[in-house]
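Engineer: Chain by chain, the residues:
Number of protein chains: 2
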Amino acid sequence: MHKLAAYEQIEVTLVKEGKATRFEDKVAVEHPVTVFLNDREIITLLCTPEKMDFLALGFLYSEGFLEGKKDWKGTRVDEENGVVYVDTDKEPFLSEELYGKRTLTTGCGKGTVFYSAWDSFKSRTVESDIRVSPSSLHRYMRLLQENSGLYGETGGVHSAALCSGEEVVFFCEDVGRHNALDKIVGECLEKEISLSDKVLACSGRMSSEMLLKAAKLQIPVLVSRAAPTSLSIEIARSMGVTMVGFARGGRRMTVYAGEERVLVDER
Amino acid sequence: MHKLAAYEQIEVTLVKEGKATRFEDKVAVEHPVTVFLNDREIITLLCTPEKMDFLALGFLYSEGFLEGKKDWKGTRVDEENGVVYVDTDKEPFLSEELYGKRTLTTGCGKGTVFYSAWDSFKSRTVESDIRVSPSSLHRYMRLLQENSGLYGETGGVHSAALCSGEEVVFFCEDVGRHNALDKIVGECLEKEISLSDKVLACSGRMSSEMLLKAAKLQIPVLVSRAAPTSLSIEIARSMGVTMVGFARGGRRMTVYAGEERVLVDER
Chain A
0 MHKLAAYEQI
10 EVTLVKEGKA
20 TRFEDKVAVE
30 HPVTVFLNDR
40 EIITLLCTPE
50 KMDFLALGFL
60 YSEGFLEGKK
70 DWKGTRVDEE
80 NGVVYVDTDK
90 EPFLSEELYG
100 KRTLTTGCGK
110 GTVFYSAWDS
120 FKSRTVESDI
130 RVSPSSLHRY
140 MRLLQENSGL
150 YGETGGVHSA
160 ALCSGEEVVF
170 FCEDVGRHNA
180 LDKIVGECLE
190 KEISLSDKVL
200 ACSGRMSSEM
210 LLKAAKLQIP
220 VLVSRAAPTS
230 LSIEIARSMG
240 VTMVGFARGG
250 RRMTVYAGEE
260 RVLVDER
Chain B
0 MHKLAAYEQI
10 EVTLVKEGKA
20 TRFEDKVAVE
30 HPVTVFLNDR
40 EIITLLCTPE
50 KMDFLALGFL
60 YSEGFLEGKK
70 DWKGTRVDEE
80 NGVVYVDTDK
90 EPFLSEELYG
100 KRTLTTGCGK
110 GTVFYSAWDS
120 FKSRTVESDI
130 RVSPSSLHRY
140 MRLLQENSGL
150 YGETGGVHSA
160 ALCSGEEVVF
170 FCEDVGRHNA
180 LDKIVGECLE
190 KEISLSDKVL
200 ACSGRMSSEM
210 LLKAAKLQIP
220 VLVSRAAPTS
230 LSIEIARSMG
240 VTMVGFARGG
250 RRMTVYAGEE
260 RVLVDER
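Top line first, the protein sequences correspond to chains A and B. In terms of numbering that gives the first Met the number 0, the first sequence opens at residue 0 and continues consecutively. In terms of numbering that gives the first Met the number 0, the second sequence opens at residue 0 and continues consecutively.
Don't read these hints as lab results, they were simulated from the structure. Please note that the accuracy of each hint is not assured.
Remember, identical chains collapse to one label, so a pair may be satisfied in a single copy or spanning two.
Stated by the list, open to error - Keeping only pairs whose Cα atoms sit at most 20 Å apart, straight-line, the calculated SDA-like set for lysine to any residue is:
#	residue 1	residue 2
1	K89	D52
2	K25	Y6
3	K68	R266
4	K212	G249
5	K18	T253
6	K18	R138
7	K212	R141
8	K15	R123
No experiment lies behind these values; they were computed from the predicted model shown.
The shape of chain A in the complex, shown without the other chains (with noise of 0.2 Å):
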């Protein structure tokens, strides 16, 4: 089976003090992958062609088309045409027309049931005894840019790594910031490893969206370089979640929500 590379060379026109010149460019290869749950078609995801199998199942119990392992009867790749085929044997879930909202919730910026989604959650706080030090989170971001091999040659995708004690245990990079979240919940759910006892480092800003997902997936603390919204920290510091922002350089950084799981020297 051909396999589909994350990176394309194009050739392009540098453009540098008034001078054009061609040369072959590395650009991050954006794959549309349509995900088929039995018969039925849920959604088309525009994705890094990797971990494609993860990401249609990470996205189908991320939305609740799943509720676990054992709903899942196996998964089938047709990489060429960009089709992901998920079995269950699960009841048809839920109407039609609840089905209609809920794929609303997951946009970049939209959501028409997200208070509903939010309300409907809201009572199952994120219970984990996880402590990490600064250090410890310090360490993770540097592991998330050492594994960032496709942004490193792109610049044109973000990143996110599921880390545990000294290491990363699942990495990956996507075009789109929810599908490597997506990826992540994939290969944990059917690896069946507990995302609650773990850190989640992300390249990103986290928005609400990241935040609700997170929450629902009981991921106890989350890690970024990049800002939270005002919004992510409501909802962060309600449903138990730690969010530390702006985990830059290795020396400082900012806890936003949770702050009792981040182990520091004086208070």
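Once you've looked at the hints, dock chain B against the given chain A.
Structural biologist: Just chain B now, kept in the frame of chain A:
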């Protein structure tokens, strides 16, 4: 009427060399805004609460709910409750089913009818005689940065500027990349400003959906400090959009598509 702020001061914890100190940080506000077209709820956007009227109008136009200013009869903003009502006397559009599908095309990396959306306006390539010098493009990126006050305060938003001649015509910032463009589109529509002889400067990555939107709106030149994807290059080339990336530091830039509109001394 109480005016919503674009950022909030929130007490957070700075951790630096093992020590924690409390301080007041400025955080970008992310605010849910529900858009109604006549009495019908269309979508909830998570946005920076500025120019919400233009956001709603631009979204409805970009997504095909309104075909032009002639369809627009007025906008009322209920800022307190996060609702924008847009009035039209246009006939109810298409079918529910098609509407349901359409909204999925505009998420961050999601597009059920991606290919059909592309096909539907493939023939309308962007026609424009505009020519721009590299120094103008660098100037636009500098102006974009100088105008980005909210980014400077919070680090948590994207910015977009519609530029022409020596200046910025419209500028906006938003927690969502797509929202920033929709705000500009809405303002252009309401004020009857043509997009087809302007340059759009933006801070974020250029994905396929950004390019589909730009092409549909007949924007001839797009410049960003960030990277494109393989699919955005493909769309830009087939639709006749000039796409410039990595325009940073005022000295160099990469032209990914439509280089005939970029005036260089030597080729």
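Engineer: Enumerate the violated hints, using their earlier numbering and listing them in ascending order.
Structural biologist: Hint check: 3, 4, 7 and 8 fail, others pass.
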